Amino acid sequence: MANNDILVIIDHSDGVLDSTAAEIITAAIGLAKQTGGEVLAALCSSDAGSLPQTIVSLGVSKVYTITSPVFIDANSDSLVKAYKVVIEKTSPKLVLFGRTFIARDTAPRLAFRLQVGFAQDCTSVAIDGNSVVLERPVYGGASIARVSFIGDLGIAVIKAKSYDAAPEDNSRSGEIIDLTDSVGDISSRTKLVDRKKVESEGIRLEDAAIVVSGGRGLGGPEPFEKLQELANLLGGALGASRAACDAGWIPYAHQVGLTGKTVSADTYFAIAISGASQHLAGMTAVKNVIAINRDKEANIFKNANYGVVGDWEKITTAFLNMVKELS
Amino acid sequence: MPINILVTVKQVLDPEAPSGALKVNNDTKRMEAPSNVPPVINGYDENAVEAALKIKEAVGGTVTVLSAGNGFVMDVMKKTLSMGSDELILVDDPSVSTLDAFVTAQVLSAAIKKAGNFDLILCGRQASDYDQATVPLGIAEILDLPPVTMAMRVTVNESIVSVSRVLGDGNETVEVSLPALVTVSNEIGQPRYPNLRGIMAASKKQPTVWNLSDLGLDDSAISAKVEIKEIFVPVTETECEYIDGDDDEEKGRNLALKLREAKII
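Line by line, the protein sequences give chains A and B. When we follow my numbering, the leftmost residue of the first sequence carries the number 1, and every step to the right adds one. When we follow my numbering, the leftmost residue of the second sequence carries the number 1, and every step to the right adds one.
If we strip away everything but chain B, and leave its shape as in the complex, we get (with noise of 0.2 Å):
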């Protein structure tokens, strides 16, 4: 039975990026990263993507892939297309940066049922700025779906999901009935480089493009929870010895005895 997947993502700071590039920005309460370092779609959301393309292989049906934000940079968020999805939506609008969970799983939602009538939603189990592992469990609340979390393997069978999990200390498999909603885990595999093909069907699509008011969200319903008082650096309070030597092997030899000295090993 084909089944129609929709894949929530987010376009985050490159965590790869040396934590000591980033910068505060005291009036958006976020940090930024230099001008030479691009955006990149959150991992964990590309790996949801490879997910919902496994199983549209296996199944057949469509994956669409939504995201909110702002300061799209139109060739990171083009490569879910490339990959082989078939609709990239994205809700763009400068309010919604500022968004708290909350209102960010409220704007989804609306955008989901905006979008037409879905039998599973793919989302990355957390986003690597925030951290929170928040929005994907508000979408199943506010739309009512049964949430499964850290899939490292989901199939569908007719109407029945079936997703392994990763728990902290070994792995279980529970089933639950469409329509659902699974957040996807790092331990589902690599998500697909885009082959030329994709890139050259992808260039061809253009992503639909919402704002907030196309949702008909009032301002009661997108009325934050949680206040962002401040963003800050912590200071260090460590400063770092550097060990010295003639050479490389007596480095080694003077960290030993360094170690040793200050009970460390």
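Isolated chain A (complex conformation) (with noise of 0.2 Å):
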């Protein structure tokens, strides 16, 4: 029997479904009316409460639900047997992700006890033919990968924003399938001893709207200040290049790439830095580019959208006045 439904697994926090589940339901929504088959969800928590109910007004037909207590510690050993089972009982054609930080270790995990394809951060998928095909941005975001799963199923992480959100409509209806008796033993071999949560001040920097940030050629520090007066000015947050952070100018928590964070800013200032494919690869989902550069040369200007060369302190310091007087 051929197998055309597409399962995802959605991830939750706190009783609030997280950004990506909507997203990935839309892309999965997209596959099923190619494939002719259905969308299936996988819900595993401590406690559904309305979750179930939510995801069906997304647009899924059957939500499969498993329900215990080591789900609050979310950890990849409990959720990998949880989500093989799901699996083996629906034997869906694809399994989409949404890319959080759990799915980062038990998609994988997944996909290896399974022996299936795997593809990371994926920004596209599409069924071309029997196949699924799927691309990924690789090397930093200098190049995209496209690739396609060989064999019957293949599970996919798809990365955040890489769809629109499926809009709620509660006139829709679906199946609600309890599969807690089924998972038998679900304990994890590690155990959680402390938890904390770190509260960041002000705007946190993926989310902020505007990310004013600065790199090597700053020089030193204290330019950060004047960056940072800028951020403020524009409502935005402050970010740093990998270089900035290792000559140790700024703290890692404002770093912006590859080995820092991914900022989705409809603006990007980026001031005195280069754009080594460590950097863009953090900042390849922003809108407008604007860069501030001694070097005409900088590879920063072939992924900028406005670009001032020259003095960036000269240049910074005009500008932050001038937009003061036009405030």
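Incorrect hints may have been included.
Chain B stretches covered by chain A per the calculated footprint, using a threshold of three residues with CB under 8 Å from any CB of chain A [what the hints assert, rightly or not]: (1) 108-122; (2) 202-215; (3) 222-234; (4) 240-247; (5) 253-259.
Below, a list of computed lysine-lysine pairs in the DSBU-like style, where the Cα atoms sit at most 30 Å apart [to be verified]: (6) B/54 / A/191; (7) A/314 / A/287; (8) B/263 / A/287; (9) A/287 / A/302.
Label pairs and their in silico Cβ distance ranges [as the list claims (entries may be wrong)]: (10) A/233 / B/76: 42 to 52 Å; (11) A/84 / B/160: 22 to 32 Å; (12) A/16 / B/76: 41 to 51 Å; (13) A/252 / B/76: 48 to 58 Å; (14) B/32 / A/207: 18 to 28 Å; (15) B/37 / A/221: 21 to 31 Å; (16) A/196 / B/217: 36 to 46 Å; (17) A/252 / B/159: 27 to 37 Å.
Since the hints were made in silico from the structure, they are not lab data. In this text, all values refer to a predicted model and were calculated from it rather than measured experimentally. Note that the Cβ used here is the ideal one computed from N, Cα and C, for glycine as well.
Could you use the hints to bring the two separately framed chains together as a complex?
Take a look at the structure:
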């Protein structure tokens, strides 16, 4: 029997769906139309509450739930066992995860355990004939790899904001199927000792609409005060390149890039940043990039919408004063 | 209690190289750097070597470094020995460079089994080229080891490893019994620079080199699960609009006017 269904794995915390859930449902609905299958969902939680109904209202036909206190400490050891049971029950053609912290561990482990193909951080997923074709950025976003799964099943993690969120429609109906009794032992080998949330001051870098970032060309820690002033004025957050963090000019919490944070800002100021692929990898989702750099050959200008060539300090100071005048 | 640690490392294109300098090779379906940009050891993997050396200093034991690939630059790979590792094993085979994560994990797992008994496997959290963060979890599945990812601190107390992890919105500490696999993030701290004594000691050591047939893996065990159809450089639709002016101050003011006009600020 040909397997045509698309299974989405739903992540959530504190009784609220992760923002990626409605996005991967959009992707799954599109794919299921092509395969002639249904959109299925798997939900592991300590208490599902009204989440299954919400998932149905987003366009899922069947929600498979597994409820256990082990899921309070979301750990991949337990989740892999539980999702494997759902996949064996449903035999889907494709399994989609949203790019969340726990999915980075769970999705690849599941693929290895089932011995099937896996693709991380995909920006698109499509059906071509009988095969699933995915695109994902590689080499820090310097290029895109187009890959396809070999075999009957594949597992893909979809990068956040690659698809629009599916709208809720409460008139939709669907089945909710509890598999809690079928999963057997789902205990974990790792023991959680302690967990701390770190509240960040001001706007989170990842959520900021405007980011002002500085790089090696600033020459020291003091210039970041000026960049912080500009960020405050624009209601944005302060970022930095790896080189500036490695030099100790600014804490790593501000680092944007492959080894730092991924921003989703509308507007990104890259000040005295050369534009190594390491840095660009963290800003691929930015709409408007404004580059200020002394070197007119700097790679950052290839990725910028607006560029200013010259001394960063003079340009930034004049820019800052003009913005104050205009506001 | 002294423990035996194995660290996996990967030779990658230097991620600090400007992306414009990289070119797609359509035959190998990989990107290549110009010859004047030497490869490096993946940054997170150097962090993993550093974590291993710190544990060795604390409880004693050995540190073995393992890499699978092709076209190894020996000066680059031997840095792990100069840092203080005891042994370097290279699985050097032309077919390795075209493998998917599934097969790479099979190859590394077979090499780990051949190399000896290890209490702790340390890996970098992800590689800067393919960025999948998949191979370490694959090794954990194949060798049936509990994996703990994103370590900012790793300490070993008798048969228990305690790991502080970097989470998206904080951190947590977990404990797991050895043997286990831990992936290491950059928060663990800067990898040490090799000192003269380390460089001298490393110069006397030769890596152990194996090829795929040494690992006893047959073709069925190394059949890919993912096919790379194409690697392409995305067409950037943005054309940079340069803001001009008589001097830098005027350029700065003009930038503000331009961004206001475009309703960006």
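Hints, one by one, checked against the model:
Interface restraint, the region 108-122 of chain B with chain A: violated (0 residues with C-beta to C-beta distance below 8 Å; minimum three). Proximity of the region 202-215 of chain B to chain A, defined as three or more residues with a beta carbon under 8 Å from a beta carbon of that chain, is not established by the 0 residues found. Coverage of the region 222-234 of chain B by chain A holds. Counting CB-CB distances below 8 Å, 12 residues qualify, and the rule asks for three or more. Counting residues of the region 240-247 of chain B whose C-beta lies closer than 8 Å to any C-beta of chain A gives 5; at least three are required, and the coverage claim holds.
Interface restraint, the region 253-259 of chain B with chain A: holds (6 residues with C-beta to C-beta distance below 8 Å; minimum three). At roughly 23 Å between alpha-carbon atoms, residue 54 of chain B and residue 191 of chain A fall within 30 Å of each other, so this suggested pair holds. Restraint check for residue 314 of chain A and residue 287 of chain A: the C-alpha separation of about 25 Å stays at or below 30 Å, so the hint holds. A C-alpha spacing of about 13 Å is found between residue 263 of chain B and residue 287 of chain A, which places the hinted pair at or below 30 Å, so the restraint holds.
Of the pairs offered as hints, the one joining residue 287 of chain A and residue 302 of chain A holds, with about 14 Å between alpha carbons and a cut-off of 30 Å not exceeded. A C-beta distance of roughly 45 Å is found between residue 233 of chain A and residue 76 of chain B, which places it inside the suggested range of 42 to 52 Å. The hint said 22 to 32 Å for the Cβ distance between residue 84 of chain A and residue 160 of chain B, and at roughly 28 Å that hint holds. About 46 Å separates the C-beta atoms of residue 16 of chain A and residue 76 of chain B, a value consistent with the hinted range of 41 to 51 Å.
At roughly 25 Å, the beta-carbon separation of residue 252 of chain A and residue 76 of chain B lies outside the given 48 to 58 Å, and the hint is violated. Checked against the hint of 18 to 28 Å, the C-beta distance between residue 32 of chain B and residue 207 of chain A comes to roughly 37 Å, which is inconsistent with it. A beta carbon spacing of about 29 Å between residue 37 of chain B and residue 221 of chain A agrees with the range 21 to 31 Å that was offered as a hint. Take residue 196 of chain A and residue 217 of chain B: their Cβ atoms lie about 43 Å apart, and the range 36 to 46 Å holds.
For the pair residue 252 of chain A and residue 159 of chain B, the beta carbons lie near 32 Å from each other, so the given range of 27 to 37 Å is met.
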